[in-house]
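Student: Order-wise, the sequence lines are chains A and B.
Sequential numbering of the first sequence, starting at 184, is according to this note's numbering.
Sequential numbering of the second sequence, starting at 184, is according to this note's numbering.
Don't read these hints as lab results, they were simulated from the structure.
Among the hints, erroneous ones may be present.
Pairs involving identical chains hold if they fit within one copy or between any two copies, as the list cannot separate such chains.
Taking lysine-lysine and the DSS-like style, the derived pairs with C-alpha atoms no more than 25 angstroms apart in a straight line are [stated by the list, open to error]:
(1) K318 to K600
(2) K600 to K506
(3) K343 to K600
(4) K628 to K478
(5) K443 to K587
(6) K650 to K400
(7) K600 to K628
(8) K355 to K628
Protein chains: 2
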Amino acid sequence: MALPSDRSICPLRREEYILSPHFVSYSAFWVFALRRFATGRAKDSLLVSELSSRCPPPSLTVADSAAMEPAARVVTVESINPKVLQCEYAVRGEIVIHAQILYCNIGNPQSLGQHPITFFREVLALCDHPSLLDKTGIHALFSADAIARAQQILDVIPGKATGAYSHSQGIKGLRDAIAAGISYRDGFPANPDDIFLTDGASPAVHMMMQLLIRSEKDGILCPIPQYPLYSASIALHGGSLVPYYLDESTGWGLEIAELKKQLDVARSKGVTVRALVVINPGNPTGQVLAEENQKQIVDFCKNEGLVLLADEVYQENIYVDDKKFNSFKKIARSMGYGDEDLPLVSFQSVSKGYYGECGKRGGYMEVTGFSAEVREQIYKLASVNLCSNISGQILASLVMNPPKIGDESYESFNVEKQGILSSLARRAKALQDAFNSLEGVTCNKTEGAMYLFPRLHLPNKAIQAAKAVNAAPDAFYARRLLDATGIVVVPGSGFGQAS
Amino acid sequence: MALPSDRSICPLRREEYILSPHFVSYSAFWVFALRRFATGRAKDSLLVSELSSRCPPPSLTVADSAAMEPAARVVTVESINPKVLQCEYAVRGEIVIHAQILYCNIGNPQSLGQHPITFFREVLALCDHPSLLDKTGIHALFSADAIARAQQILDVIPGKATGAYSHSQGIKGLRDAIAAGISYRDGFPANPDDIFLTDGASPAVHMMMQLLIRSEKDGILCPIPQYPLYSASIALHGGSLVPYYLDESTGWGLEIAELKKQLDVARSKGVTVRALVVINPGNPTGQVLAEENQKQIVDFCKNEGLVLLADEVYQENIYVDDKKFNSFKKIARSMGYGDEDLPLVSFQSVSKGYYGECGKRGGYMEVTGFSAEVREQIYKLASVNLCSNISGQILASLVMNPPKIGDESYESFNVEKQGILSSLARRAKALQDAFNSLEGVTCNKTEGAMYLFPRLHLPNKAIQAAKAVNAAPDAFYARRLLDATGIVVVPGSGFGQAS
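Take these sequences, add in the hints, and give me the full structure.
Tutor: And the structure:
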């Protein structure tokens with residue numbers, strides 16, 4: 184298979200004019216963090232209530248509504264669930280809707296020309312249409328190990344029925360394969376009964392928020408800048424986001440003192456903090472946590488009685504030699520902590536890594552450290568949507584068990600995989616250098632994931648112009664940039680970043 | 184393709200011994216409605232609060248929990264979201280978990296041997312692995328119109344990327360195709376912007392409940408017996424189920440007087456009723472609404488200011504000559520009602536019909552009659568999970584646009600389709616006759632969907648035995664039946680049916 188060149192990955196040529204030939208080609212998801220002040224992040228003053236007041240619900244009045252509609256409506260924005268109104272989703276918010284370009288801001292590499300991994304798609308096609316396996320001529324079109332793998336997968340699906348609902352946690356034989364993949368990755372055993380297959384990582388995150396959040400008095404510690412899935416899900420379930428700030432000056436470091444401080448602030452306001460979200464490698468900040476730091480985080484959760492929600496969907500996306508991915512479960516087990524020591528959920532997705540299969544909506548969560556009764560409740564939540572899609576389930580089993588050395592497809596698979604990963608790494612470096620060469624822009628070194636989070640220092644005049652039209656300076660800048668150049672950027676404030 | 188014989192559809196041979204060779208082969212989803220009294224349904228006394236008190240949350244005490252767990256847990260059933268505890272899901276509840284047989288009670292025909300439609304699977308396989316289209320030898324393995332259709336579909340997907348996230352409502356070109364299919368079905372235009380593609384109908388239902396329910400003071404009118412998705416979703420979103428009773432004595436008739444009575448009762452208790460759920464053809468009762476009845480329902484919603492939530496997933500499953508499926512949108516439009524007259528949501532799924540593609544998790548909702556601002560909020564909810572899976576989206580476009588007369592595949596497609604539908608109809612009739620020939624069992628005539636809801640008249644002794652172990656008589660019977668014979672039946676009380 185011919186791999187896409189860097190150039191072919193970037194269909195938005197107009198952007199090349201602005202900054203560099205590699206400007207957006209590194210990733211489909213990149214943002215400007217626009218901040219008014221070069222120093223003084225004043226993070227101490229950003230508390231739970233203030234954060235939510237920064238993201239007010241859209242201000243639609245009854246008068247607006249009446250002006251737009253000829254007749255009285257049964258359902259109005261005033262009469263819907265206010266949690267829905269309060270939920271904001273920066274990567275698909277107002278700026279993106281205004282732009283009418285939806286496909287390049289959410290870590291969506293195949294929309295920008297990245298090809299799918301051939302082996303994975305061969306297996307999917309055979310599982311979708313299993314009667315192909317009985318036909319002569321099939322060996323001319325499919326690799327032998329894809330045929331064998333499809334056969335193995337069909338053998339673990341009751342009745343070979345890829346069109347049937349499965350067990351609500353996912354097909355048992357696929358969970359066995361995923362557990363084996365996790366065990367191989369971590370060097371510690373994984374239990375297939377702990378795996379819940381889901382339509383991508385997002386529904387898994389929603390499920391945990393739904394389980395944990397009882398009211399606005401329940402808080403979830405989330406990194407800032409954060410992936411807006413978390414703030415959106417917390418808002419939808421009526422909880423409070425308790426922000427902790429990643430330290431830009433130490434490469435988006437996650438400091439325990441900061442966690443502790445924000446936990447104490449939230450508790451002093453009567454918020455019961457239920458869980459800590461850690462995104463590693465970082466989204467949208469691109470850092471990879473050091474093992475020592477992960478140990479501190481595990482101990483922090485254990486000591487403070489928090490559920491550790493580990494977003495590990497970028498586990499295959501690491502671009503520096505001195506860092507490697509360690510799952511939080513591996514870290515916890517290596518510290519001697521077992522199932523009874525702390526509740527830990529790891530989220531994985533088929534949408535990221537070198538595979539980038541966003542449209543397939545596959546993923547899983549590995550749920551450990553919960554009592555049998557609580558797990559039953561998680562199972563019930565999974566069962567309310569019956570099951571996740573079977574193609575996504577199959578793909579999740581494949582990404583956790585790709586071809587291995589000696590398999591017929593291994594060599595071509597590895598060429599494809601390394602081609603994608605090295606291209607991502609090359610573009611990460613080029614984009615980071617490009618940002619840092621620009622006047623008024625600084626950007627931390629990227630280590631992993633698919634993102635850079637550069638910092639812009641706007642002139643005072645731009646800030647005043649934004650104020651004049653009652654807009655946040657970063658949103659104002661983003662809108663102007665779009666209108667003037669066609670480049671869409673998501674304002675950093677949508678990620679909760681301080682100005 | 185050889186169609187499965189009736190016999191091959193029923194893998195649970197032990198059941199043949201009990202009742203008839205056709206006992207469960209009609210459908211993967213069948214239940215006993217066990218009722219203590221042959222007469223006197225006492226439906227008047229079943230009000231909102233009483234209904235919820237009939238389904239208490241699992242009674243786990245702190246002592247139970249402590250006895251089962253060695254250490255204090257961070258998360259206990261007492262500290263999770265109580266809405267999760269209150270949610271019950273009869274078709275995947277305690278009896279089903281106890282049985283360890285999950286695949287034959289949720290309208291899941293392919294798990295019981297029904298083959299997928301060849302044309303649909305050919306197209307899916309080609310879209311999953313598009314590079315097949317460039318290979319010689321492809322025409323020997325795939326039909327010409329499947330190849331052409333796959334090509335058409337790939338052409339409407341930006342970058343032909345079936346592995347990319349799509350627009351959160353689904354791929355525009357596929358929504359165009361679905362809207363065209365709806366227009367053809369109804370004879371009234373459909374707008375692609377009204378279509379929201381979802382991972383099956385369940386997430387669409389949840390989305391509407393999330394939108395409409397603000398607190399337990401918001402109620403949703405639901406048929407009893409009902410598909411438990413509705414009660415589960417209402418409970419999860421913290422609303423009140425307002426029951427209305429289908430009249431078994433008139434073939435599960437839906438009477439406006441009953442709707443009005445239950446609406447008034449709910450309102451007198453301070454419940455704001457937001458919406459009416461109608462399942463047509465009926466689940467789990469199998470009736471098909473008459474056109475005149477549908478008109479009354481539309482007028483009722485319009486006059487009372489209710490959102491009409493029309494579960495129309497069994498639209499292809501009609502087995503009697505004197506009934507046909509009419510979508511509620513067609514009915515409303517034929518009455519001269521336009522978009523501004525009433526909010527109406529139609530749910531459709533790829534899981535039912537003759538296709539039965541449950542595992543693909545495809546479906547859509549057609550949302551009409553909402554203001555632009557409210558639709559934006561629905562869009563936001565859709566966007567929080569990014570998009571539904573692309574294979575499910577493709578399949579939804581296929582079921583709404585199957586091969587037509589003149590297409591190369593049409594003849595073989597039609598043989599498969601009619602084979603499945605006539606087999607379902609034959610089994611429906613056979614099962615209905617079998618039930619009615621049994622002593623102490625009565626069952627209404629089936630007209631559509633995949634279900635029968637027979638009525639059993641238990642002897643007093645059985646009821647006393649159930650009381651002695653503090654169980655509902657129907658749940659007790661179901662448990663005993665399972666243990667004694669291996670047959671799993673879901674107690675009718677799980678569907679809210681009166682005893």
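Student: Hint by hint, say whether it matches the structure.
Tutor: A quick look at each hint next to the structure:
Taking the closest pair of Cα atoms, K318 and K600 come within 25 angstroms of each other only across two copies (23 angstroms); inside a single copy the shortest separation is 30 angstroms, beyond that limit. Taking the closest pair of Cα atoms, K600 and K506 come within 25 angstroms of each other only inside a single copy of the chain (19 angstroms); across copies the shortest separation is 56 angstroms, beyond that limit. Proximity of K343 and K600 under a CA criterion of 25 angstroms is satisfied inter-copy only: 20 angstroms between copies versus 29 angstroms inside one chain copy. For the identical chains of this complex, K628 and K478 are intra-copy neighbours only, at 23 angstroms inside a copy versus 64 angstroms across copies, given an alpha-carbon limit of 25 angstroms.
In this assembly of identical chains, K443 and K587 lie within 25 angstroms of each other by CA distance neither inside one copy nor across copies; the values are 43 angstroms within and 65 angstroms between. In this assembly of identical chains, K650 and K400 lie within 25 angstroms of each other by CA distance neither inside one copy nor across copies; the values are 34 angstroms within and 41 angstroms between. Taking the shortest Cα distances, K600 and K628 sit within 25 angstroms of each other inside one copy (23 angstroms), while across copies they are farther apart (58 angstroms). Taking the closest pair of Cα atoms, K355 and K628 never come within 25 angstroms of each other, the shortest separation being 41 angstroms inside a single copy and 38 angstroms across copies.
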